[in-house]
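Based on these hints, arrange chains F, W and E on the given structure of chain V.
4 protein chains.
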Amino acid sequence: MPKVRVFAFAGSLRKGSLHKKLIEASKGLAPEGMEINAYDLKDIPPYNMDLEDAMPSAVADFKKRIAESDGVLMAVPEHNFSFSGVMKNAIDWASRPYGESAFDGKPVILQSVSPGRMGGSRAQYHLRQVLGALSMIQMQFPEVFIGPAGDVFDESGALTDERASEQIRKQLAAFKEFIAGRGD
Amino acid sequence: MPKVRVFAFAGSLRKGSLHKKLIEASKGLAPEGMEINAYDLKDIPPYNMDLEDAMPSAVADFKKRIAESDGVLMAVPEHNFSFSGVMKNAIDWASRPYGESAFDGKPVILQSVSPGRMGGSRAQYHLRQVLGALSMIQMQFPEVFIGPAGDVFDESGALTDERASEQIRKQLAAFKEFIAGRGD
Amino acid sequence: MPKVRVFAFAGSLRKGSLHKKLIEASKGLAPEGMEINAYDLKDIPPYNMDLEDAMPSAVADFKKRIAESDGVLMAVPEHNFSFSGVMKNAIDWASRPYGESAFDGKPVILQSVSPGRMGGSRAQYHLRQVLGALSMIQMQFPEVFIGPAGDVFDESGALTDERASEQIRKQLAAFKEFIAGRGD
Amino acid sequence: MPKVRVFAFAGSLRKGSLHKKLIEASKGLAPEGMEINAYDLKDIPPYNMDLEDAMPSAVADFKKRIAESDGVLMAVPEHNFSFSGVMKNAIDWASRPYGESAFDGKPVILQSVSPGRMGGSRAQYHLRQVLGALSMIQMQFPEVFIGPAGDVFDESGALTDERASEQIRKQLAAFKEFIAGRGD
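Protein chains in written order, with our numbering: chain V, 1 to 184; chain F, 1 to 184; chain W, 1 to 184; chain E, 1 to 184.
Isolated chain V, as found in the complex:
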């Protein structure tokens, strides 16, 4: 039986990104039969419609990987009470050109981690409006908001908090069912 392939990206470019760490942690917390492939947005340039005729190769690659996946995991940083510009920029690219979006009909889940108690909320709910526009199939619950970040990762960047791990484990297990329920 083939594995469920989840394509994952974090809306942050810095090396020590907490959202990249969330995705790394998710790899180890995924249920049997699910593989999570992480993608780094570092080569995605700022979106420019004038470049659409010859899509930048990083964008073409990004779109191809989304298209080949069974579902998408977005790790969403909150900057200034919304999703990061870097996250939205990558999404804008992959939704283009008009009529050739990579996201159409793809199941999707969200994860956020923040320094405080509430972070990620404002980012995820804005992003859900975007996902609606993209006709993605959103799994709503369980939601994953991890924090405060200082308490859940150890110095090596591993997610050591059991409550946070359990939240992610439940989300990924539910996502496997959710994806299966969309098929046939």
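By construction, these hints were calculated from the structure, which means they are not laboratory data.
Think of the CB as a built atom: it goes at the ideal place given N, C-alpha and C, for glycine as much as any other residue.
Please note that a few of the clues may not be correct.
Taking lysine-lysine and the BS3-like style, the derived pairs with C-alpha atoms no more than 27 Å apart in a straight line are [as the list claims (entries may be wrong)]:
#: 1; chain 1: E; residue 1: Lys63; chain 2: W; residue 2: Lys15
#: 2; chain 1: W; residue 1: Lys63; chain 2: E; residue 2: Lys63
#: 3; chain 1: E; residue 1: Lys176; chain 2: E; residue 2: Lys64
#: 4; chain 1: W; residue 1: Lys15; chain 2: E; residue 2: Lys42
#: 5; chain 1: F; residue 1: Lys42; chain 2: V; residue 2: Lys63
#: 6; chain 1: V; residue 1: Lys15; chain 2: F; residue 2: Lys63
#: 7; chain 1: V; residue 1: Lys15; chain 2: V; residue 2: Lys27
#: 8; chain 1: E; residue 1: Lys42; chain 2: W; residue 2: Lys63
#: 9; chain 1: W; residue 1: Lys42; chain 2: E; residue 2: Lys42
#: 10; chain 1: E; residue 1: Lys15; chain 2: W; residue 2: Lys42
#: 11; chain 1: V; residue 1: Lys63; chain 2: V; residue 2: Lys3
#: 12; chain 1: F; residue 1: Lys15; chain 2: V; residue 2: Lys42
#: 13; chain 1: V; residue 1: Lys63; chain 2: F; residue 2: Lys15
#: 14; chain 1: F; residue 1: Lys42; chain 2: V; residue 2: Lys15
#: 15; chain 1: V; residue 1: Lys42; chain 2: F; residue 2: Lys42
#: 16; chain 1: E; residue 1: Lys63; chain 2: W; residue 2: Lys42
#: 17; chain 1: V; residue 1: Lys42; chain 2: F; residue 2: Lys63
Just some of the chain E residues that point at chain V, by a computed CB distance under 8 Å [claimed, not checked]:
#: 18; residue: Arg65
#: 19; residue: Met118
#: 20; residue: Ser121
#: 21; residue: Arg122
#: 22; residue: Phe145
Same frame as chain V, but now just chains F, W and E:
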């Protein structure tokens, strides 16, 4: 008496951007005593916190110009039911490093143009949440949503629609008063 | 073959409500095999958790009808840049008591009409966040934003605008498919 | 020197409402020179435009008290990922009839308390869009999100948590300055 200096940028990089044209049109519609300086985001790289110690020169310049202005005009494209990633990316940069945002306390107005009747709405209301986070001083009314774009610009890119021009003229005149009301 | 039963309510109490008229129009525009049952919120009191032990009979009836339906049509007025309080109040009731929501897993569509060009947008996108919380299954497209109202209804309250009628006809036909696709 | 009069209401009708308790606590935490007058929404009927010609007396009273105040404190419950219908219904009433809103230009602050860690966030950010529509003057920071509720109130309903009390104390002191800064 010194002019009111409004710093303006469009959240789009393409050459023929309708939002750049909106700003060009605004220059000619500004009240006496207001000058509008347009800025092109083309050199702003994707935000990366690792680069904050040595801010990219384009970002430093962008921040300096915002700081020197009396108010900010953002021309906001709507992509996928929210503001463009390019717009948010530039805002994320200029809000950093922590405690050194260029936006704090700056008066701000928004303009959008869209191919349809409703476009821009979803972008501007999301953006207002971001502007709240940045402690910008938002002028709410009159709002400027121009469309359908096909009817308002001529082939040379000039705004020829009188109703649209009047909306912008009113907004800019009100903004001059709004900025003056914040002082002394 | 049994008919698809759509339960419909408008978030407005006034007799001449445009949103009630939208629902009336929808009855005539529904595809074969779909029946639309309109409900008036006039007997739903303001939500008060202290009354949950003995649910007001209007609320119990409202919940029962939602539960018996195959899908829900909400006609959403925009007041003050969001959905009406009357609409949200009825939704709050039907989501209660905790664990006994009438909405869980129900397919849902939205319609709005407004005096201007943009109205309804701000109401519907806020409402979609609520529908997510309720685990309703949202059909996103085609969206129905009708306006300006003055141009589309005749004096008897009938929807006479062909373009508006066609939008609704398409939405209801798609909703029939959408509901069918959720079953078995 | 006259006191700053803050008009306060909670978007909940139940007797033991946490949001009513927040307002009670705020009375004791207000700075010298500020008085907080609490209002109970229990007599406000569901909004019906047909009743606008003869405003219900509770609504007329509600509007009069808002108009006489120097600022407004809204204690905002979150129901189903947004503000309560009861809260929005009262706001819809007080914004009417067209051109006679009680809220225009009034300074405003928000407080929320919730059983969990994140509650109130989704309610307050939706409400801020409404406040923008109403041309209220929003103080953004400090924000007040209190929770988890189980840890901060004692059995008599008094706010006993020092961190929560300090948040409110800071907000109210800042609001006094904010209101003063709007004058003369």
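Hint-by-hint comparison with the structure:
no., hint, in the structure
1, E:Lys63 - W:Lys15, "24 Å, holds"
2, W:Lys63 - E:Lys63, "33 Å, violated"
3, E:Lys176 - E:Lys64, "21 Å, holds"
4, W:Lys15 - E:Lys42, "24 Å, holds"
5, F:Lys42 - V:Lys63, "23 Å, holds"
6, V:Lys15 - F:Lys63, "24 Å, holds"
7, V:Lys15 - V:Lys27, "18 Å, holds"
8, E:Lys42 - W:Lys63, "23 Å, holds"
9, W:Lys42 - E:Lys42, "17 Å, holds"
10, E:Lys15 - W:Lys42, "24 Å, holds"
11, V:Lys63 - V:Lys3, "20 Å, holds"
12, F:Lys15 - V:Lys42, "24 Å, holds"
13, V:Lys63 - F:Lys15, "24 Å, holds"
14, F:Lys42 - V:Lys15, "24 Å, holds"
15, V:Lys42 - F:Lys42, "17 Å, holds"
16, E:Lys63 - W:Lys42, "23 Å, holds"
17, V:Lys42 - F:Lys63, "23 Å, holds"
18, Arg65, "32 Å, violated"
19, Met118, "5 Å, holds"
20, Ser121, "5 Å, holds"
21, Arg122, "6 Å, holds"
22, Phe145, "6 Å, holds"
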